[in-house]
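Below are the chains, spelled out letter by letter.
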Amino acid sequence: MKPVAFVIPWFGEHLKGGAEQQAWQVANRLLQHGVKVEVLTTCCSSFLEDWSINHLPSGVENLNGLLVRRFKVDKRNGKLFNDANAHALAVPPENLRPGSNPFTFGTGEQFVAENINSLSLERYLKRNKKKYHAFIFIPYLYGIILNGLPLVAEKAWLQPCLHDEVYAYLAEVENIIRGCHGIFYNSPGEERLAHDLFGPGILRKGKVVGEGVEISELNRETLPRQVAGLHLDQEKYVLCLGRRDNTKNTSLLVNSYHLYRKRHPESTLKLILAGPGDEKYGAAVQGIYDLGLVAELDKEALLSQCVALFQPSRKESYSRVIMEAWLYNRPVAVHGACLATAMAVEAAGGGWLAESREEWSRLFHQLEQMDEGQLLEFGAKGREYARQYAEWDAVIDRYESVLGLRSSGATQKDNIQPNTLRTIHQLTPGFAYGDAISNQAIILRELLRSKGYKSEIFTEHLDPLMVHEAKLFMEGKGIHDDAGLIYHHSIGAGLTDFVIKHPGPKSLIYHNVTPPDLVRDLEPELAEMLEQGLSDLKLLAPHFSVSAGASRFNSCELEENGFTDPAVLPICVAPEKWNIQADPNMMARLQDGKDNILFVGRVVANKCQHDLIKAFATYRTMYGNCRLILVGGFMEEESYYQSLMELVRSYGLEGDVLFAGKVPDSTLHACYRCSHLFWSMSEHEGFGVPLIESMWFDIPVFAYKSSAVPETLAEGGLLFTHKDDFTQLAAAARLLLHDLDLRNKIISAQQNRRKDFLPEAIEMKLDDLIRGMNG
Amino acid sequence: MLETKNSEIDLADLLEKVAIELKMQQKKQGRGQKGVFREDLPINDPFTWSQLKETMKVAELNVNAGAEVTSMLHYRGIVRKIARLLGKVTVFLGRVITIPQRNFNSSILHSLRITLDGIRDMNRTTARLEREMEHIKEKSQLVDYLKTGLITQERRVSILLEELRRQVNGAESGQETLVQELSGPNILDPLYLAFENQFRGTREEIIDRLMEYLPLIREARAGAEDREILDIGCGRGEWLEIMNDEGLVAKGLDINHVLVQDCRDKGFKVEENDALSYLRSLPDNSLGAITSFHLIEHLEFDTRVALFDESVRVLKSGGIAIFETPNPRNLLVGSCNFWSDPTHLRPLYPETHQFLMEYRGFCKVELLFLHPHEDDQRLPEEEAPELAFRLNELLSCARDYAIIGYKV
Numbered sequence: 001m002k003p004v005a006f007v008i009p010w011f012g013e014h015l016k017g018g019a020e021q022q023a024w025q026v027a028n029r030l031l032q033h034g035v036k037v038e039v040l041t042t043c044c045s046s047f048l049e050d051w052s053i054n055h056l057p058s059g060v061e062n063l064n065g066l067l068v069r070r071f072k073v074d075k076r077n078g079k080l081f082n083d084a085n086a087h088a089l090a091v092p093p094e095n096l097r098p099g100s101n102p103f104t105f106g107t108g109e110q111f112v113a114e115n116i117n118s119l120s121l122e123r124y125l126k127r128n129k130k131k132y133h134a135f136i137f138i139p140y141l142y143g144i145i146l147n148g149l150p151l152v153a154e155k156a157w158l159q160p161c162l163h164d165e166v167y168a169y170l171a172e173v174e175n176i177i178r179g180c181h182g183i184f185y186n187s188p189g190e191e192r193l194a195h196d197l198f199g200p201g202i203l204r205k206g207k208v209v210g211e212g213v214e215i216s217e218l219n220r221e222t223l224p225r226q227v228a229g230l231h232l233d234q235e236k237y238v239l240c241l242g243r244r245d246n247t248k249n250t251s252l253l254v255n256s257y258h259l260y261r262k263r264h265p266e267s268t269l270k271l272i273l274a275g276p277g278d279e280k281y282g283a284a285v286q287g288i289y290d291l292g293l294v295a296e297l298d299k300e301a302l303l304s305q306c307v308a309l310f311q312p313s314r315k316e317s318y319s320r321v322i323m324e325a326w327l328y329n330r331p332v333a334v335h336g337a338c339l340a341t342a343m344a345v346e347a348a349g350g351g352w353l354a355e356s357r358e359e360w361s362r363l364f365h366q367l368e369q370m371d372e373g374q375l376l377e378f379g380a381k382g383r384e385y386a387r388q389y390a391e392w393d394a395v396i397d398r399y400e401s402v403l404g405l406r407s408s409g410a411t412q413k414d415n416i417q418p419n420t421l422r423t424i425h426q427l428t429p430g431f432a433y434g435d436a437i438s439n440q441a442i443i444l445r446e447l448l449r450s451k452g453y454k455s456e457i458f459t460e461h462l463d464p465l466m467v468h469e470a471k472l473f474m475e476g477k478g479i480h481d482d483a484g485l486i487y488h489h490s491i492g493a494g495l496t497d498f499v500i501k502h503p504g505p506k507s508l509i510y511h512n513v514t515p516p517d518l519v520r521d522l523e524p525e526l527a528e529m530l531e532q533g534l535s536d537l538k539l540l541a542p543h544f545s546v547s548a549g550a551s552r553f554n555s556c557e558l559e560e561n562g563f564t565d566p567a568v569l570p571i572c573v574a575p576e577k578w579n580i581q582a583d584p585n586m587m588a589r590l591q592d593g594k595d596n597i598l599f600v601g602r603v604v605a606n607k608c609q610h611d612l613i614k615a616f617a618t619y620r621t622m623y624g625n626c627r628l629i630l631v632g633g634f635m636e637e638e639s640y641y642q643s644l645m646e647l648v649r650s651y652g653l654e655g656d657v658l659f660a661g662k663v664p665d666s667t668l669h670a671c672y673r674c675s676h677l678f679w680s681m682s683e684h685e686g687f688g689v690p691l692i693e694s695m696w697f698d699i700p701v702f703a704y705k706s707s708a709v710p711e712t713l714a715e716g717g718l719l720f721t722h723k724d725d726f727t728q729l730a731a732a733a734r735l736l737l738h739d740l741d742l743r744n745k746i747i748s749a750q751q752n753r754r755k756d757f758l759p760e761a762i763e764m765k766l767d768d769l770i771r772g773m774n775g
Numbered sequence: 001m002l003e004t005k006n007s008e009i010d011l012a013d014l015l016e017k018v019a020i021e022l023k024m025q026q027k028k029q030g031r032g033q034k035g036v037f038r039e040d041l042p043i044n045d046p047f048t049w050s051q052l053k054e055t056m057k058v059a060e061l062n063v064n065a066g067a068e069v070t071s072m073l074h075y076r077g078i079v080r081k082i083a084r085l086l087g088k089v090t091v092f093l094g095r096v097i098t099i100p101q102r103n104f105n106s107s108i109l110h111s112l113r114i115t116l117d118g119i120r121d122m123n124r125t126t127a128r129l130e131r132e133m134e135h136i137k138e139k140s141q142l143v144d145y146l147k148t149g150l151i152t153q154e155r156r157v158s159i160l161l162e163e164l165r166r167q168v169n170g171a172e173s174g175q176e177t178l179v180q181e182l183s184g185p186n187i188l189d190p191l192y193l194a195f196e197n198q199f200r201g202t203r204e205e206i207i208d209r210l211m212e213y214l215p216l217i218r219e220a221r222a223g224a225e226d227r228e229i230l231d232i233g234c235g236r237g238e239w240l241e242i243m244n245d246e247g248l249v250a251k252g253l254d255i256n257h258v259l260v261q262d263c264r265d266k267g268f269k270v271e272e273n274d275a276l277s278y279l280r281s282l283p284d285n286s287l288g289a290i291t292s293f294h295l296i297e298h299l300e301f302d303t304r305v306a307l308f309d310e311s312v313r314v315l316k317s318g319g320i321a322i323f324e325t326p327n328p329r330n331l332l333v334g335s336c337n338f339w340s341d342p343t344h345l346r347p348l349y350p351e352t353h354q355f356l357m358e359y360r361g362f363c364k365v366e367l368l369f370l371h372p373h374e375d376d377q378r379l380p381e382e383e384a385p386e387l388a389f390r391l392n393e394l395l396s397c398a399r400d401y402a403i404i405g406y407k408v
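Chains A and B supply the protein sequences, listed in that same order. The end of the first sequence is residue 775 by our numbering, with every number in the run present. The end of the second sequence is residue 408 by our numbering, with every number in the run present.
Be aware that a few hints might be false.
[Stated by the list, open to error] Lysine-lysine pairs mimicking PhoX-like chemistry, simulated, CA-CA at most 25 Å apart:
1. K130(A) / K2(A)
2. K723(A) / K23(B)
3. K745(A) / K5(B)
4. K705(A) / K17(B)
5. K23(B) / K594(A)
6. K5(B) / K755(A)
[Claimed, not checked] Some but not every residue of chain B turned toward chain A, in silico, with C-beta under 8 Å:
7. E8
8. L14
9. M56
If you're looking for bench data, these hints aren't it; they were derived computationally from the structure. Even glycine gets a Cβ: it sits at the ideal position worked out from N, Cα and C.
Based on the provided sequences and hints, a complete structural model is requested.
Set out below in structure tokens:
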């Protein structure tokens, strides 16, 4: 097996910092498991040193079997870097918005260019990519990571150690997050932050591996009983460990304790601070002991005897001390606004959350009232959690399985049966950018090719944007008589004669035709085309023994039109499509604090955008502060669109209804990312791709029960059966937007449902179809 | 009305929540919380300002296209230096195109901004004007109402005053009316006939001129059995003759006994009476048209006004009134020809009478200028065209004019 390489700006056993420690531990432990491990790092000795100085010699160093390659760092302009840094830090945290870069006016590029960089390391990566099994880049912020990762992206795993800070919004960071092959997270909280920042496109390539904590082998009895003159077993104290400065929020804790003591002057509960940092706390407040940096043993002793550990920092991707406290059976309290730690505490049930000074001070009082039994209860729950996420064996197991270091090679795909089809082409009436049928055809083609078939897509109408994906159908040119053919049928096309005559094995996938009656009044020409599509279906039926609908709803229609035993082949809706940058302008525009209500679908009468606008008008009248985003193609001159505009004008909704039109994926991505509710009034959906897409974006779906909608949603979303009472609908929509409990229930059901539309789920059904074609 | 297959969600519970939510909203509404329920006033602003702003922003960002080299920070080392150099050379060479292009961009952008500001102001003004229009409409309805009332009152007052005067003057002037006084004693009637024959023009000439009014009469659908035409001061009956020939129902009125007899001899229906007395004897809404050629210049001002008032009263809806009189705009007519008739009181200024008729309740009141001098009477324009033109304007323009009004 080829070696796994860690890429990190600084490397050494005694370097401080979560990422540095993680790299050291994981590298050595993987090595112990027999994995070949190398470390690619710089000659700079640590974060705290000058990044343009080579303190250590370049070259290869063998640390007990661990191969460390050091590369010289580049010269850099520290002033430019500091300017860029200051520029970004000047943005108040509350103004940071996912998808909009706070490093404006080229300061982002400057920040990366004048960061810690090493051209020689980059050259090495480029030349030796093939020699490695995988690269693990850790952490996310430095030049060698931001510039190095794209060079070996297809083999690159990123362990970002992501914090909710201004750097996480840097465009170059998004670039590596999107580009890398996979992502390791330290905690579920960090994973959630990444999803909030970058959307569902990275959902399936991430894995929470956890971060190990070295459980002290020492017996409690051997720990010192006295630290800095305090007899620990006689004191009742809350402990705060770690670097003490403003970014770690230490002063909040000190102030809260101060408040607590003012209210309860008789209290004997103390606050002990320990850790490096310039500032000294506590001199002025009785009961606070600032011990400064303490020895490792003293730290262990302090942890083992405390009432609880308080971690007020808002910027943690993972807090080792929390796990350490839990492993000593001690409960913890963390800042509620820090996703990583708060999620861990909530999931474990091993402590409490607090945010304001008031809450923290009340927590002091609450703890003082608790007896040891109650405290132990919380501590034990924490210990349980810590053993799962923080025990090194479990962590290393996860690394090995994700990196494919242990498996006996990937499972072989079902290969083609002998003496059967070698070629399966697809035929679609139209092929356009952003079109659901076209996307499905692409996914099927990839699946077919991965199974070893020769497969192309032929189409009658080819969108110029998609010329690289499909071929123009020219009287069957390129489709041999013995080739298998999958025909996607939707509205009337000139392909009917050809597919009927095609002598080879064939199957039909039906994508539904909108009932012409629904649109006849407003769009008579379209109605005619739809009618043609429906009548063609009857003609096709006797010639296709194998058929499938995109939903049960569609299959039933096939049956009604004379097809025998049609199967269901759902449309594949995978989140990877959204691993693209969201349109930054749209992102900035839509994140203005309004509730964004979204509908995606062509502007046509049967999708009932008119009902949606009316219901939205009611919602806006009742609650205000909202926006309706209508994504979907329309022609300015179309009468239905004109009537919608008229409606918008008559309700005075001009500023609140956004007709986005037919948009590129990056803009649609932004619309989904910024929306809080997907609301459909549509009376006809043959499948409803946007319903599933909303599920990937964790947007609750609120939809009128019609056609294939209930089938597609299944347990996801919330349906309504009448649309005459707009006030009631508006009230329900309000709950979906603001009742957290309801929202969470809906979203969690949707997270389950969306998995049914992954390529893996579709693949089996495609196999059935192919078997049918083979006879 | 809600449905879900999500087993975690208790539908009954959810429906109750929705009901509570609705009740809370209604309470808020009841308390009149401002800002929660906004007034849904339709606004007629054809511009989506936010979209405009967005696109303007894009234009602003790109207005300096081609002015600078990007910092090429994705390259480093020597490659970056070369890239920046190449970039600079390209930008330098491109200036031939980019400088005028940038000038064009910024001037277009600037004019767009000005235009947008202008449109915004205009939109505001339009909105304000629309509001004011509404006010004015309301007021004008009120004025119409008052006007009708006023006319009725004035008519009543003038009748009362006349009655009073008659009683004060006693028995000797009991029979007299104002019109009679104006037209002189009956004894002069033959004289006036002779005068007419001498000065008014030949019967054929007059018929020719009067034919011009026929389309107006037809348009007003006057002359039907129930829409009789009354010609006040019918004189020699030229107009009555036309009406007769055209098959229109018409009646004449004159106080000149001789002329009345003359007309009756020709077979026309003619009353011998003065205008006001006769009109007052008629019921409301009884005539299709009232015509009067060269009469009103014989009347005193208050009589003229009374004549207009009575005409409005007796005309049917849509009925037409035509009053022709000499045109004082024509210098010859105003200074000289007008006075050829010793019974003329004074020339009548056209717009004043247009105003009068309008003010007394006619609508669509128009002036029709008629009968200019024939070409051979005009000054030749060859020698001094400008002078000739201006003099012709003064001396040879329309000799008569008609005030035409309709009853609503």
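Status of the hints after comparison with the structure:
no.: 1; hint: K130(A) / K2(A); verdict: holds (9 Å)
no.: 2; hint: K723(A) / K23(B); verdict: holds (19 Å)
no.: 3; hint: K745(A) / K5(B); verdict: holds (12 Å)
no.: 4; hint: K705(A) / K17(B); verdict: holds (21 Å)
no.: 5; hint: K23(B) / K594(A); verdict: holds (23 Å)
no.: 6; hint: K5(B) / K755(A); verdict: holds (17 Å)
no.: 7; hint: E8; verdict: holds (4 Å)
no.: 8; hint: L14; verdict: holds (7 Å)
no.: 9; hint: M56; verdict: violated (13 Å)
Of the numbered hints listed earlier, the single one contradicted by the structure is hint 9.
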